[in-house]
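Asks: Residues per chain are reported as follows:
Number of protein chains: 2
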Amino acid sequence: MDRLTIIKVGGKVVENTDSLNALLDQFDKISGNKILVHGGGRTATEMAKKLGIETKMVEGRRITDSDMLEVVTMVYGGLVNKKIVAGLQARGMNAVGLTGADLGLIKAHKRPVKDIDYGFVGDVDDVNASELRVLINENVIPVVAPLTHDGKGQLLNTNADTIASELATELSNYYKVYLFYCFEKKGVLVDPNDESTVIYDLDLPLFNKYKAEGIISDGMIPKLENGFRAKMKGVQEILITNPENISTGRGTRLV
Amino acid sequence: MDRLTIIKVGGKVVENTDSLNALLDQFDKISGNKILVHGGGRTATEMAKKLGIETKMVEGRRITDSDMLEVVTMVYGGLVNKKIVAGLQARGMNAVGLTGADLGLIKAHKRPVKDIDYGFVGDVDDVNASELRVLINENVIPVVAPLTHDGKGQLLNTNADTIASELATELSNYYKVYLFYCFEKKGVLVDPNDESTVIYDLDLPLFNKYKAEGIISDGMIPKLENGFRAKMKGVQEILITNPENISTGRGTRLV
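Quick mapping for you: the protein sequence lines, in order, are chains F and V. For what it's worth, the numbering used here labels the leading residue of the first sequence as 4, then goes sequentially. For what it's worth, the numbering used here labels the leading residue of the second sequence as 4, then goes sequentially.
In case anyone wonders, no lab produced these hints; they're calculated from the structure. Do not rely on the hints blindly, as some may be mistaken.
Because identical chains share one entry, a pair is satisfied inside a single copy or across any pair of copies.
In the DMTMM-like style, the derived pairs of lysine to aspartate or glutamate whose C-alpha atoms are separated by at most 25 Å in a straight line are [said to hold, decoys possible]: (1) Lys52 with Asp197; (2) Lys189 with Asp68; (3) Lys37 with Glu247; (4) Lys32 with Asp129; (5) Lys117 with Asp31; (6) Lys110 with Glu141; (7) Lys117 with Glu141; (8) Lys110 with Glu49.
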């Protein structure tokens with residue numbers, strides 16, 4: 004099987020011009036097939052604030068009412084996505100920016116209301132691997148924004164880590180998939196303020212221990228849970244690291 | 004040559020849910036290859052206002068400073084584009100939303116400053132027909148937002164009528180192109196308040212006469228100038244009409 008690298012970037016990396024450019028330079032060096040999945044939550048929160056729309060988060064997940072859906076559609080699908088696409092084109096990479104609605108790539112359903120009403124948040128049902136394979140075979144680089152659709156005309160907000168792991172899982176039927184979760188740290192840290200405390204090999208028992216102890220918390224929990232699920236479903240390798248270490252492969256490896 | 008229909012929609016049509024849905028229903032009925040090009044200026048103006056950014060227009064063209072570029076990138080590339088894509092997918096059309104940066108579709112240069120500094124406004128240099136033909140051959144429907152790029156990482160704001168006529172002109176080398184400029188009126192009107200005064204056949208001398216008399220004015224002038232240029236460069240048919248008359252072919256025909 005051919006190799007396919009999926010890079011997920013979020014947080015501060017995509018929202019600052021310098022760190023975004025550094026990321027795109029690193030991304031350029033990856034040989035073979037590649038996909039970039041991005042977030043943009045901070046920019047969305049900032050934009051919402053400017054528009055007088057309050058941001059409510061529950062366990063790192065955004066409550067998405069219809070106003071907030073407009074904000075994330077603009078910010079993820081427009082502002083962040085097209086900046087990345089233009090930056091990749093400038094580096095000679097033939098990128099195309101996509102949401103889950105484009106080409107019917109990712110179908111989802113609105114999350115059912117249990118204790119919390121997340122609003123227009125989508126849980127993924129289906130990834131259209133054949134459309135992605137056509138693009139990849141044409142040497143096109145998909146740049147995927149964290150939005151999905153329900154197939155009935157409704158856009159939905161879906162966590163970027165989840166998008167990345169769903170793409171990785173589905174595409175592992177056709178490629179040897181290397182999934183990198185890139186953020187501003189060198190990996191998962193025992194002490195969040197000390198970059199020398201990277202956990203290099205993380206297995207499920209150790210993850211559960213650190214989670215119970217509160218060492219791994221907040222948004223890192225669903226990221227790692229997604230990662231372990233993808234790993235068990237056949238993704239070749241999953242690494243949590245910063246953009247500088249895409250090439251070295253150093254960081255937290257799920258084992 | 005195969006037939007290709009290019010529909011350009013702007014103004015009130017795309018910015019109201021009911022009229023957008025009516026348009027998408029009409030668009031669904033077009034047989035054969037098709038492309039949708041959209042505007043979104045009113046939504047951009049409204050969004051800019053909410054963000055405290057002033058909108059300045061010169062002869063129907065938007066002055067685009069860096070703040071305004073962010074607004075149009077969000078609104079055209081995100082909000083309007085993805086709503087249309089989700090709506091087409093819901094109708095069983097395999098749409099993909101694109102800007103001129105995606106797949107390197109439309110390269111432009113920043114308009115040189117003469118009397119007026121338009122800011123980040125792009126004049127089109129080159130349309131990448133081969134990428135569009137690949138999509139069309141796969142039965143994909145491109146939905147094109149009025150944004151271009153300079154190939155060096157800079158996104159640019161480009162008038163949607165211009166995008167439509169540039170696509171039509173370039174693609175007329177490969178297809179029999181039918182270009183429809185759709186807006187809320189039945190065609191170009193002698194009396195803007197009377198829909199019974201549609202000019203059915205408009206040639207260049209009549210256009211120049213009406214322009215001199217002020218009957219044709221504002222944004223209609225560049226729209227028609229673009230249209231006549233495209234017609235002279237080989238576009239099969241150019242019609243200015245409302246969405247309801249896409250199927251009847253009634254409206255103002257450039258001859």
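Asks: Look at each hint and say if it fits the structure.
Replies: Hints versus structure:
no.	hint	result
1	Lys52 with Asp197	neither (32 Å within a copy, 44 Å between copies)
2	Lys189 with Asp68	neither (34 Å within a copy, 37 Å between copies)
3	Lys37 with Glu247	within (17 Å within a copy, 43 Å between copies)
4	Lys32 with Asp129	neither (30 Å within a copy, 28 Å between copies)
5	Lys117 with Asp31	neither (43 Å within a copy, 37 Å between copies)
6	Lys110 with Glu141	both (23 Å within a copy, 20 Å between copies)
7	Lys117 with Glu141	neither (43 Å within a copy, 41 Å between copies)
8	Lys110 with Glu49	neither (28 Å within a copy, 31 Å between copies)
Of the numbered hints given earlier, the model fails hints 1, 2, 4, 5, 7, 8; all others are met.
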